[in-house]
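Residue numbers (numbering that gives the first Met the number 0), protein chains in the order written: chain A, 0 to 301; chain B, 0 to 301.
Derived from the structure by calculation, the hints contain no laboratory data. Hints are supplied without guarantee of correctness; some may be wrong.
Unchecked claim - Stretch by stretch, here's where chain B covers chain A in the computed footprint (C-beta under 8 angstroms, at least three residues):
#, segment
1, 7-13
2, 203-210
Unchecked claim - Simulated DEER-style distance windows between Cβ atoms:
#, chain 1, residue 1, chain 2, residue 2, range
3, A, Leu225, B, Ser196, 18 to 24 angstroms
4, B, Asp21, A, Pro155, 55 to 61 angstroms
5, B, Glu287, A, Ser216, 48 to 54 angstroms
What the hints assert, rightly or not - Derived list of chain B stretches under chain A, where covered just means 3 residues or more per stretch with a C-beta under 8 angstroms from a C-beta of chain A:
#, segment
6, 145-159
7, 208-221
8, 290-299
Because the structure is a prediction, the values reported are computed rather than measured. Every residue, glycine too, gets a C-beta built ideally from N, C-alpha and C.
Listed below are the residues making up each chain.
2 protein chains.
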Amino acid sequence: MSILVVGSVALDTVKTPFGERDNALGGSATYFSTSASYFTEVKLVGVVGQDFPKEHVAFLQSKKVDTSGLEITDGETFRWSGKYEFDMNEAKTLDTQLNVFESFQPKIPETHKKPDYLFLANINPELQLEVLNQIEERPKFVACDTMNLWIDIKKPALLDLLKGVDCIILNDGEARMLADVSSLIKAAKEISSFGPSHVIIKKGEHGAIYYEKATGSFFMIPAYPLEEVFDPTGAGDTFAGGFMGYISSQDSTDRETIKQAMIRGTVMASFNVEEFSLDRLATLTHEEIDQRVGLFKEIFRS
Amino acid sequence: MSILVVGSVALDTVKTPFGERDNALGGSATYFSTSASYFTEVKLVGVVGQDFPKEHVAFLQSKKVDTSGLEITDGETFRWSGKYEFDMNEAKTLDTQLNVFESFQPKIPETHKKPDYLFLANINPELQLEVLNQIEERPKFVACDTMNLWIDIKKPALLDLLKGVDCIILNDGEARMLADVSSLIKAAKEISSFGPSHVIIKKGEHGAIYYEKATGSFFMIPAYPLEEVFDPTGAGDTFAGGFMGYISSQDSTDRETIKQAMIRGTVMASFNVEEFSLDRLATLTHEEIDQRVGLFKEIFRS
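Please work from the sequences and hints to get the whole structure.
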């Protein structure tokens, strides 16, 4: 099976209490693809500028990510700059330069129009809808992410999009904002009423909540108990990549597969935050993943 | 088996976004005893004033709590008044009147001096130490709670106490403060280095973390997914009551029993927050507990 992901590819400048890194490889589609590549075949659609270092494309290709849908266009690559304070829970955006991303019109190559699984990473929901409309055969499972900005200024488009997806993966603050309610349990139910049969709310160091509309039931997992978070950038997309990658590898979305997929997502995110940018995923092995999955299950076996 | 608990018995005035209640039954030992009474025999030691309503004593006795160690003395009962804002995560204390609690010198009755299990609820750690010194035979398992005030002004006594207990149960803010570190994973390890072989950190709506010093391993559980928290007062003591009560009922502190005990604690706390004061525990049945334990296990079975 294979996954198509459409989202951002960026150069990130990140400051944490442990150090800083300039113009490192970043972007939602990048983190997602790299993470998912450990489980399944991944095709990436995005855009970068002429300045995008060739070694970053080579890195994605080394992970067997199909980059034929990565458009290289005139202008500069999307740049994001952010800072984490001591509690590491939320990034403070210092600067955003959309650059080539500003006029990005995702064009899905012919070879990519019948994906088994589809992930619409965090971009303008109008573009997410355009992607969905270009897909020729309904994928087995479509998931999306979003962010506070779109909930704020593009809510109608986002609500349109939600009617067409099976699953939304978003963080606690976004869930509260989208559902306009404080309780995350209520928020999950409310968001599922907008369309998705599956709602996943990520709570950072507190783990994640899964809500299944068909049965009205919840599943919850803690985060992996790390002593130190070095750089949380991309943790959410890395979670989504592990989650969707595992689902694609099993070619199933039954409840048991979804639980196991959430564990893979959690474990992948736990590795990602241990170093800057994609440094940890660059060296990560399947053996390390399997070992941590085993340890993690031990941590919350009832 | 039986548990001895020493702590506060109070009259609480509580405001939440859903309403308010004046002079309701409260106090750490009260919540603990009532919760633990569903699992094991409980003996309570505490102090109240002449104004303490007889029906509250009758209530505890209806739960088969042994109140022979509840001293009734001249003066007024300890009163606490607090308020919860919309997020319900933390109480804002509006007023504290120690009254008879100010000069409380716990006297453990002869009949109570050889408990199988002992819980030192949140009071001045100097008094907790005095209780420990009055116990004639080392109990099988001693657990304690504490609060930010004591970490702030009575840290040496608290550290002395911790050398003599097997387990400390405290919330996330207190754990960070006591260990002087932001990561709860690090905090749990650091606190265990002060003495307790078992450290439980309660995270409110985010569940709880358990750290076992002997194996260096963690166990984590989510909170029960409630849509609404009506009144969080006493949730921590109710958790501790379910936890210790279950341990006493099984007469074991092995890893598996501790996990199951944390589930009982979580479930008891989830009931307690559904209504004001001890109203929900007053009507709670064993069937309801068993049913929620089953549902809860389903929620995080891996």
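Evaluated hints:
By the rule of at least three residues with a Cβ nearer than 8 angstroms to a Cβ of chain B, the coverage given for the segment 7-13 of chain A is violated, with 0 such residues. Counting residues of the segment 203-210 of chain A whose CB lies closer than 8 angstroms to any CB of chain B gives 4, so the stated coverage by that chain holds, three being the minimum. Between Leu225/A and Ser196/B, the C-beta spacing of about 23 angstroms keeps the proposed range 18 to 24 angstroms intact. In this structure the hint that Asp21/B and Pro155/A lie 55 to 61 angstroms apart at CB is violated, the actual value being about 47 angstroms.
The given range of 48 to 54 angstroms is broken by Glu287/B and Ser216/A, whose C-beta atoms sit roughly 19 angstroms from each other. Counting residues of the segment 145-159 of chain B whose C-beta lies closer than 8 angstroms to any C-beta of chain A gives 0; at least three are required, and the coverage claim is violated. A stretch counts as covered by a chain when three or more of its residues have a beta carbon under 8 angstroms from one of that chain; for the segment 208-221 of chain B and chain A the count is 7, and the coverage holds. Under a criterion of three residues with beta carbons nearer than 8 angstroms to beta carbons of chain A, the stated coverage of the segment 290-299 of chain B is upheld, 4 such residues being counted.
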